[in-house]
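Undergrad: Here is what each chain is made of, one letter per residue.
Number of protein chains: 4
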Amino acid sequence: MAFNETDLLANRYNQVRGLSVGLAEGLSDSDACAQSMPDASPAKWHLAHTTWFFETFILADHLPGYEPFDPRFPFLFNSYYEAKGARIGRAARGLMTRPSLDEILAYRRYVDAALLEALPAMARSALCLVELGCHHEEQHQELLLTDILHLFAQSPLAPALWPTGFHGPKASAEALQWVEGRQGAVSIGHAGDGFSFDSEGPRHTTWLAPHALADRLVTNGEWLEFITEGGYEVVGHWLSDGWAWVRHNAIEAPLYWRRDEGGAWASQFGLNGVTSLNPHAPVQHISFYEADAYARWAGARLPTEAEWESAAQCLDPRGGNFLDRAGAVGALPPPGGKPHLKQMFGDLWEWTGSAFLAYPGFRPAPGAVGEYNGKFMSGQFVLRGGSCATPRGHVRASYRNFFYPHQRWQFTGVRLAKDL
Amino acid sequence: MAFNETDLLANRYNQVRGLSVGLAEGLSDSDACAQSMPDASPAKWHLAHTTWFFETFILADHLPGYEPFDPRFPFLFNSYYEAKGARIGRAARGLMTRPSLDEILAYRRYVDAALLEALPAMARSALCLVELGCHHEEQHQELLLTDILHLFAQSPLAPALWPTGFHGPKASAEALQWVEGRQGAVSIGHAGDGFSFDSEGPRHTTWLAPHALADRLVTNGEWLEFITEGGYEVVGHWLSDGWAWVRHNAIEAPLYWRRDEGGAWASQFGLNGVTSLNPHAPVQHISFYEADAYARWAGARLPTEAEWESAAQCLDPRGGNFLDRAGAVGALPPPGGKPHLKQMFGDLWEWTGSAFLAYPGFRPAPGAVGEYNGKFMSGQFVLRGGSCATPRGHVRASYRNFFYPHQRWQFTGVRLAKDL
Amino acid sequence: MAFNETDLLANRYNQVRGLSVGLAEGLSDSDACAQSMPDASPAKWHLAHTTWFFETFILADHLPGYEPFDPRFPFLFNSYYEAKGARIGRAARGLMTRPSLDEILAYRRYVDAALLEALPAMARSALCLVELGCHHEEQHQELLLTDILHLFAQSPLAPALWPTGFHGPKASAEALQWVEGRQGAVSIGHAGDGFSFDSEGPRHTTWLAPHALADRLVTNGEWLEFITEGGYEVVGHWLSDGWAWVRHNAIEAPLYWRRDEGGAWASQFGLNGVTSLNPHAPVQHISFYEADAYARWAGARLPTEAEWESAAQCLDPRGGNFLDRAGAVGALPPPGGKPHLKQMFGDLWEWTGSAFLAYPGFRPAPGAVGEYNGKFMSGQFVLRGGSCATPRGHVRASYRNFFYPHQRWQFTGVRLAKDL
Amino acid sequence: MAFNETDLLANRYNQVRGLSVGLAEGLSDSDACAQSMPDASPAKWHLAHTTWFFETFILADHLPGYEPFDPRFPFLFNSYYEAKGARIGRAARGLMTRPSLDEILAYRRYVDAALLEALPAMARSALCLVELGCHHEEQHQELLLTDILHLFAQSPLAPALWPTGFHGPKASAEALQWVEGRQGAVSIGHAGDGFSFDSEGPRHTTWLAPHALADRLVTNGEWLEFITEGGYEVVGHWLSDGWAWVRHNAIEAPLYWRRDEGGAWASQFGLNGVTSLNPHAPVQHISFYEADAYARWAGARLPTEAEWESAAQCLDPRGGNFLDRAGAVGALPPPGGKPHLKQMFGDLWEWTGSAFLAYPGFRPAPGAVGEYNGKFMSGQFVLRGGSCATPRGHVRASYRNFFYPHQRWQFTGVRLAKDL
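Line by line, the protein sequences are chains S, A, H and G. In this text, residue positions in the first sequence follow our numbering: the first is 54, and each later residue adds one. In this text, residue positions in the second sequence follow our numbering: the first is 54, and each later residue adds one. In this text, residue positions in the third sequence follow our numbering: the first is 54, and each later residue adds one. In this text, residue positions in the fourth sequence follow our numbering: the first is 54, and each later residue adds one.
No wet-lab data here; the hints were simulated from the structure. There could be a bad hint or two in this list.
The list that follows gives simulated cross-link-like pairs (lysine-lysine, BS3-like), each with its CA atoms no further than 25 Å apart [said to hold, decoys possible]: (1) A:K223 with S:K428; (2) A:K428 with S:K471; (3) G:K471 with H:K471; (4) H:K428 with G:K223.
Residues from chain G that face chain S, not an exhaustive set, calculated with beta carbons under 7 Å [stated by the list, open to error]: (5) S81; (6) D82; (7) S83; (8) D84; (9) C86; (10) A87; (11) M90; (12) L148; (13) T150; (14) R151; (15) S153; (16) Q207; (17) T217.
No residue lacks a Cβ here, since even glycine has one placed at the ideal position from N, Cα and C.
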């Protein structure tokens, strides 16, 4: 890595690290400490854990004589890297009232200073870990937002993180059109020089049957129709596990939808507080089970991840509604011409019908960072494309996100597919 | 379907129905009533539910004037066919002390007589349902055995269903060899005239990367080595969900293994009671999590279902160690020549690394029977090949069995695979 | 104990042991094996456990050379006597399909023969244990009935143990009258030569404030009024724990009440099957929480156990509606004169407002049988007087039964009390 | 109430309100927000709920034209007063990151100013509620401390609320002596003009059998002996529910005891952080189950509440080790002469063997405040005497505290009793 490359990396590091701090502006010490469910983590924990990553995998391992900020922090802020020692129980993260948010911000500054000073002399292997750490932190930026949203949704006061400016995925009133996909042998998976997570590769051949993808995401208006027609009450639409989930949790609408006093679904809670339901906006915060049931009700199905990736390979992954800075989502340039795929990147993560499994020839990254993805390869489904809470530039056509089929506190949506 | 075909079907019906009754011989009224866990069903329930299937989908639907044996039975013995009305809660099946086993056997005779009398005049669509019902009952024959085994394993008296005769999967002392599989575009899925379940089709193209399969199943001796080397204690071998399962349930060996007084794993419980562990016999009653962890420890992986099916297409699915009659497992003809695949059919269901999902173009069968498989397409993994408790003739190369990754009370085993 | 006394004891033994077998007539092997909830035990288990008591505490301990019926039975049929070795998990009792009911009946005959032969030569300490064993078995006779009732109540077939003959507590259409109780220092607790359980003593002084007891039990008709007036919906009637129980379990009526098709409470399930609700019959199968809430709603309270015992001391404990033989409940002789207490003995166990705690100077019986009562002295409430399922002669004025405040599968009822 | 009395009440109000704020000094916004278990509440919630009490029951009900600080607060800070409207779920209190601690302190100042201004003109009934509110707040002061202690005990950083000054109950190295109690008819319960909670009355006669009380609390050293002799491992010492609790939770020592690196019990965590175990200090943070098991092991029993109160009636309830101000516990004047009872008031709440039930003639206070105590009269045991975390002056001889038998995060201890 040449000198210029190191400069670029330092710039990138500063930009990523700065965005995290920006996202936490407006949070009180308590806001940053509370944990609203075991799946979520406190904002403070995200800010500290991402810093711990740089301190542990880079400074401690590659900078001789590095003095840790606080020797107790590794125990507090390790997540699931079993190879790096004991950890605090996941569900108890919200009880860590100390260190305070201010102390965590000081921890961040300490590590930032040490890392930026050490960067020019670092070995290439360490620089690659810095790059990985930036991508890792971008993931946690989105999680920080979804976790704060979930926390604030529990509050009777319904606080808004960003009362103005943030509007989530963009609305579109156009009728759905079908776009035919490629058939036969196609190549998917990451290849080339750029960064990717281990589970995105290796690049390999797969075979696509004739199919088409919807040109846009399913909207709130369409979802209301699904509800009106008994979508949540007809067992035949649902997977067996999905139906059990619906019944056990009395699910009757997307996660943050709220009723008006007359009982009608009229608004939703978001990072900008409670806003009225826009029928043309994409439906969000739905589980895989709901996405799958909707598709069956609509006479369609979910795309496979190979269908999605094959279609996305010709699109610019930096375009679309992504998070550009705290509170702001960038505009999507208007596309033109014949039927084409909209909202593929940004807006909402799209559930696919593919289980998150290893690609042929997959090998986990060596060392502790190799715990990253491979260990989650059971029971989860793949989502593609990023969301309005994903930092712009974070995702690629080959990017594989994954969650359990009942989870829906992420910015998730659904695009239909069908066999031809 | 010509007259001869009807005769053949009647023969097949008699043979299948007779085997079920044979399997239940030796069970007391209580043995046939108890339910040892929610995943399992009482033997009596299996005997009644399979009969309910013929009564409901064939006699009631296709035989004008048919008088049901008891109008209350549909409520008692429906399983998950939501379209066919209310059902008794799954976990409460063991509380149905009445009707008695004797009454259920009378119910079977009543339905058998009606069906056999009606068979010659039945429409083709009804005859297809009879065929389906026979396959359905064969599935429940294996479940009846695995559920009784689980029940008897809870008993301090360790009763044996078949004290003699049944020996489970066959032992083999030969060293493992690797057999290279096909590459590139291959066709899998069911095609042709024979019976198959809806999820086995449609036949379609898929793409195989270079790989090899082990020529035999993993043995008890090899598994003991895995345990000795800390297999159940090293987090790095395990999927994240698998590790949580191991810890939460204090798992330390296959399901029915037992220690001697010195604490060593020395015997296992089976349908023939407690027998000493044979190091050359295939290891059985393991979960997907265990199979996957073992494979990772061994530097290998599980086969995909496409790899398995592609390799099995040239083998005779009626060969191998299957259940031929109550208590008896047929012998495997000795194969000859160069490295080749053994134990593919029969012996033990083989976990694959493939999630149970729809094939391209999959359409559930119409009507209530269409609830059969499609609704289970989340969270489960595919197993292939049948077991020593599967009635001979029940499985095919395209046959897809599926269970959750933690389940292991079925006759499950593991065959290794690797990338080339 | 003189020769005549031994004869009397043998008679009593035969009578008690015979009643147990009589109660189990009409049960199939499965009926006797199933366990409908952890609080309940299989009928077979009651039959075996009471036999185990005689075999373990008397034959094994006091008869040199006694050969046990089956050396594995102690493990199977010990209940909570920790001092007597390991036990099978309580919730797994329903999985003991073997030994069969027939084998248990043979076990009973074997022990009966050995005990009756040994009785004439037994030491007085052993004879006292025989007496204790008879009382112990009488307790289990009532439990056998309540557990079978609970099991049959789960069945969609609603089987009746005794289709005719058994009618439970007797109805009375008379208006409630108050009977003033004694005041000041009174003596309660068992004294004298007769049998009692350790927790009934020692006899001691306690102090009663001015109070009155209702002359009869609360009726179904009165309870319907409680329901109609929102009894189960107004938090103010309930203890905090009781309200949580009502909400969590969606309680809205006594345990075995059933609605008609119009939704009205119209019938109840009992040992004689489903019968219509008699407004004049005592309400039964209610929890302490319900009894307490009803009393508060009625402007009254529950009696203390000292108030109840003090009032009962002048009544004949063998009078009243008790179990005389399988299926039959004896008649209550009509009382005469001024206001007096009815239904004190028999009919239904009456919840008191007293926690089950040690009397002053209480000492548990020595040895393993001393585990009998003292260990349950937290969290339970005292019930008094016996029920229509209690064998006649089993209870006394000093008899203390006890259950947790949420339990209601026993034959429980409520008598009001008030301060004067 | 004359003018002077109003002045006195204002002084008392100021003193109580000031102490609460003092206790919260040293807490960060997060410390004051987190909830470590459902039994506990956030410090912020205690500060707000006690203020809500004054605002709701006094200002809103008795001060015409009073403008609430924030109309949303009643929903947030109601506790269990069902009569006063809906409440936030108890387990979700820790998710109320807003309002902040600073806002709550402003809320307190607002209510304090309004109340003090209104006080001189208030009706006597309102003044009585002010008095009640002060006692209510004193209860929450102790809970605030026990809840913060429990929260900090979860932290790997083991923070101390009061690093110096607070030393908990006082140590004493003297041998235990027995002090005989009164016998026969005695009067207990509150009488007279002073304040008391409804459950302390009415005063009534009860009867005491011959007995003696230990002159001091059980010590850490004595408890270590109990542990060494297998106290937590011998089922015979334990109540049945207690043994289940020990096993299910793997209990092996008092709540905040900690082992040294060699595995020996060497220190305990408290409001002053981790300190070494003083063998002469009273053992604290034990459950009723533990207290009861210890007493049984020691050949003694727990006192009844009547025995305790009868003995305490001649002692000064303001003497002893109580909380005098944040971080400080007052000294106990040395007693002299013959065997006498020490540590009766202050130091630690003493478990009694009495269930928390209504006294004869008990009537709950009218209105919403009447929900205060009566609804908890099932399943809990009485504790007496106050602790080092109880504000001095809060308790009386008749004062009844109550907790479930498994709870031990309060400052609880044990004094032995025995029959004579």
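Undergrad: Evaluate each hint against the coordinates.
TA: Right, here's what the structure says about each hint:
1. For the suggested pair A:K223 and S:K428, the alpha carbons sit about 33 Å apart, so the restraint of at most 25 Å is broken.
2. Between the alpha carbons of A:K428 and S:K471 the distance comes to roughly 18 Å, so the proposed pair stays at or under 25 Å and holds.
3. For the hint linking G:K471 to H:K471, the alpha-carbon distance of about 34 Å lies beyond 25 Å, and the restraint is violated.
4. Taking the CA atoms of H:K428 and G:K223, the gap is near 33 Å; set against the 25 Å cutoff, the hint is violated.
5. Below 7 Å, beta-carbon pairs count as interface contacts, and G:S81 has one with chain S at about 5 Å; its hint therefore holds.
6. This hint holds: G:D82 has a C-beta 4 Å from the nearest C-beta of chain S, less than the 7 Å allowed.
7. A hinted interface residue such as G:S83 counts as satisfied when its beta carbon comes closer than 7 Å to some beta carbon of chain S; here the least separation is about 4 Å, so the hint holds.
8. For G:D84, the shortest C-beta to C-beta distance to chain S is roughly 4 Å, which falls under 7 Å, so the interface hint holds.
9. For G:C86, the interface hint holds, since its Cβ comes within 7 Å of a Cβ in chain S; the closest pair sits about 4 Å apart.
10. Interface restraint check for G:A87: the shortest CB-CB distance to chain S comes to about 5 Å, inside 7 Å, so the restraint holds.
11. Annotation: interface hint on G:M90 violated; nearest CB of chain S at approximately 9 Å, more than 7 Å.
12. For G:L148, the suggested interface contact is upheld, since its CB lies about 5 Å from the closest CB of chain S, less than 7 Å.
13. A distance limit of 7 Å between C-beta atoms decides the matter here; for G:T150 the minimum to chain S is near 4 Å, and the interface restraint holds.
14. This hint holds: G:R151 has a C-beta 6 Å from the nearest C-beta of chain S, less than the 7 Å allowed.
15. Against a cut-off of 7 Å between C-beta atoms, the interface hint on G:S153 holds, since the closest Cβ of chain S lies about 6 Å away.
16. For G:Q207, the interface hint holds, the least distance from its beta-carbon to any beta-carbon of chain S being 5 Å, beneath 7 Å.
17. A cut of 7 Å between beta carbons decides the hint on G:T217: the least distance to chain S is about 19 Å, and the hint is violated.
Hint compliance for this structure: hints 1, 3, 4, 11, 17 are broken, all remaining hints hold.
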